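Engineer: Below are the chains, spelled out letter by letter.
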Amino acid sequence: MLITLRPKYSFKVPVEAECINPSLFAEKSTMEIAKLQVWEGNRKRTLSDLFKITRETPNPLEKVTIKIAGDVNKVRRIGSKMSTGEITVNGNAGMHLGEEMKGGIIKVTGNADSWTGSMMKDGTIEIMGDAGDYIGAPYRGSTQGMGGGIIIIHGNAGNEVGCYMKTGLIRIGGNVGQFVGVHMRNGTIQVKGNSEGRAGAQMLKGKIVISGCIPSILPSFTIDRITPTVKVDGEKVEGPFYRFIGDLAENGNGKLFVSKAKNPNLGVFEEYL
Amino acid sequence: MPVVSNVTCPVCGSFCDDIEITVKNDVIVKVKNACAMGEAKFLNYASHRQTKPLIRKNGELVEVSLKEAVQKAAEILASAKYPILYGWSNTSCEAIRVGLELAEEVGGVIDNTSTVCHGPSILSIQDIGISSCTLGQLRHRADLIFYWGSNPWSAHPRHIDRYTTFAEGRFQKSAWRGYLSRLTGILSKKRLHRAVNLGLGRQTPSPPETELRLPSTLLQNKRKMIVVDVRKTRSAEIADYFLQVKPNKDYELLQALRMLVRDEELDVDKVTGIPVETLEEIVEIMIGCELGILFFGLGLTMSQGKHRNIDAALSLVRDLNRRTKFLIMPMRGHFNVTGVNVVFTWQTGYPYAVDFSHGYPRYNPGETSVVDILCRGESDAALVVASDPVAHFPNVAAQKLVEKPLVVIDPQVTPTSIMADVVIPSAFVGIEVEGTAYRMDHVPLPLKKVVEPPTTCLSDKEVLQKILGEVRRLRRNHN
Ligand code: SF4
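Taken in sequence, the protein lines are chains A and B. Last residue of the first sequence? That's 273 in this note's numbering, and every number before it is there in order. Last residue of the second sequence? That's 479 in this note's numbering, and every number before it is there in order.
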């Protein structure tokens with residue numbers, strides 16, 4: 001079953017639409033879907049006030065796919081708590097995309113905003129463009145970050161990717177900002193591009209692999225060894241990599257792998273091996 | 001002439017409560033005990049004010065009645081889909097409480113100035129926790145005082161004098177004599193340096209700012225002060241020791257100190273240019289103190305790393321408490337910025353950036369903080385109370401703020417009020433009207449009334465109540 005949502009106009013104030021959820025749409029008729037409640041700023045609206053909804057039903061038993069045709073960068077919480085089905089966004093998506101998602105797939109052809117995959121438990125999010133800050137991070141004040149699933153961002157991501165991450169995998173094709181894997185408890189983060197530094201700050205466990213440049217390593221990390229390759233989700237990534245252990249200021253035992261070839265500035269650590 | 005004593009000073013977060021004001025014919029003529037900033041406010045507050053409400057008509061601000069201004073303000077707020085209500089740290093807790101009610105009524109986002117100052121501190125305190133105290137305790141007991149990224153000599157002029165290094169405490173004596181001898185030493189060194197240069201006809205640079213060897217005064221059993229900053233401020237000059245950190249490298253320095261406190265080895269010789277041996281000596285002094293306090297300012301909260309810098313600072317203090325007694329406190333700027341966080345929290349559960357658009361409070365700085373909302377161009381109206389965002393926000397945010405209908409309640413004429421569509425001048429709280437405010441250590445103190453306000457100026461609280469009443473009337477009629 002394919003349901004297409006087309007924005008009727010370009011949204012100015014934030015729209016909260018956690019009802020855009022394949023698991024929820026599966027149980028509803030088109031009329032019922034049209035009546036689902038969304039917020040436009042402080043006004044209550046129905047989904048059909050904001051979107052033109054079309055439904056194609058070749059086989060009602062098939063899994064639900066929601067296609068959003070248009071830019072929805074102001075629409076927040078798309079796919080929040082979804083457990084099955086698929087959402088594709090042809091354009092940019094707003095904040096909290098796939099928050100607390102339990103399964104299914106979200107694909108975005110453009111960019112995603114901050115808190116993408118916030119506290120997700122399972123499923124896959126794939127962003128073809130860039131993403132904002134706090135990918136997979138929990139809400140403010142919580143220490144329960146991403147608890148499973150996969151987030152793939154082909155472009156760049158902002159600061160604090162994988163903050164308080166517990167398990168799962170985050171892959172960033174481009175560069176990341178500061179504090180990738182801050183307060184990380186476990187799980188894996190792979191960055192193919194550069195990091196702006198402070199990688200793995202206050203991490204306790206888990207693995208961060210940075211194939212690009214990093215300006216410096218935090219003083220609370222200690223060099224452990226040089227490895228030729230490192231495994232990410234069963235796949236071999238060619239190195240060589242410096243392997244650091246930290247964050248020792250937190251008594252942490254996280255592993256931070258940083259490309260040797262791209263970071264001649266870290267050669268000074270070799271004397272401590 | 002009547003003298004009003006024990007007046008609180010409505011300027012900075014130190015919120016001094018020992019000011020004496022002499023009033024003659026309802027005009028303040030003399031101020032005792034205040035610093036230059038406090039005195040200037042009491043003596044000159046009325047010299048740059050507008051007393052009549054204004055509304056922008058055909059591009060010009062024209063005088064109108066209070067009723068008309070209130071009605072216009074209420075219409076703007078009630079018709080907005082996503083209004084923002086900003087400011088609050090320069091007014092009384094009583095006014096803030098009405099502001100929160102108004103935010104709930106219009107379904108807006110209410111935020112205060114901590115969003116651009118100590119907001120990151122609050123985020124970290126929620127993550128890590130804080131071991132803090134009142135300033136009285138520090139005045140009597142603290143023997144090691146750190147100011148990190150903060151310049152109290154210029155921003156909180158009586159802080160050092162009343163609460164820390166130069167205060168005469170019951171168990172700790174004032175350290176001003178040491179400062180005097182140090183000052184004489186610094187001045188003669190500078191004079192000598194200049195004389196030598198003059199004699200030899202050369203221009204040599206002045207000696208390096210950070211002495212790598214710690215002075216002997218730090219090892220003595222008396223009150224001492226250490227300043228950590230990116231440049232040698234006035235406060236750094238009076239400190240026993242000045243530790244210069246490279247810009248945006250505070251996090252690294254704090255984490256290195258934490259490592260040393262935990263008896264871990266560092267894999268480097270220098271951290272942000274400071275030799276590890278120097279850091280080891282500093283850590284020894286920290287561990288050896290009887291009661292230490294780390295005050296931190298915007299140099300820490302607003303440099304790269306923001307709330308993570310505070311994470312590290314709070315964790316450092318937590319680590320230190322395994323070995324000695326150490327406390328930490330943010331140096332709050334405006335006189336009631338602590339109060340605004342307190343009132344927001346007791347009314348909504350959250351200290352700033354509270355979004356009422358769904359009818360109940362939600363909080364997520366970055367998403368619901370006013371500067372971010374403005375930069376994304378999401379708000380469609382604004383109310384600014386006792387603040388000047390046009391002068392202080394980033395350019396884009398200020399521009400978006402004035403593009404949409406803007407209501408300002410402020411006793412002063414500010415760049416924001418000049419750009420507004422509705423201006424309602426109010427009375428000066430703490431001078432012309434009473435109220436309550438919280439000192440930076442969360443101690444509530446009364447704001448006093450010492451002179452009468454102009455007849456056309458109501459208090460912020462009364463103006464807000466009128467707008468709230470009008471909004472409710474509009475809502476009723478609409479339904
Ligand atoms: S230190 Fe601050 S509160 Fe005290 S008198 Fe000066 S300006 Fe006023």
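Watch out, some of these pointers could steer you wrong.
[To be verified] With the C-beta cut set under 7 Å, the calculated list includes, among others, these residues of chain A facing chain B:
#1 G41
#2 R43
#3 L47
#4 R140
#5 F179
#6 P215
None of these hints come from the bench; they were simulated from the model. Only a predicted model underlies this, so the values are computations on that prediction, with no experimental measurement involved. Where a beta carbon is used, it is the ideal one built from N, C-alpha and C, also for glycine.
Engineer: Which hint numbers does the structure go against, in order from smallest to largest?
Structural biologist: Violated hints (numbers, rising): 3 and 6; every other hint is consistent with the structure.
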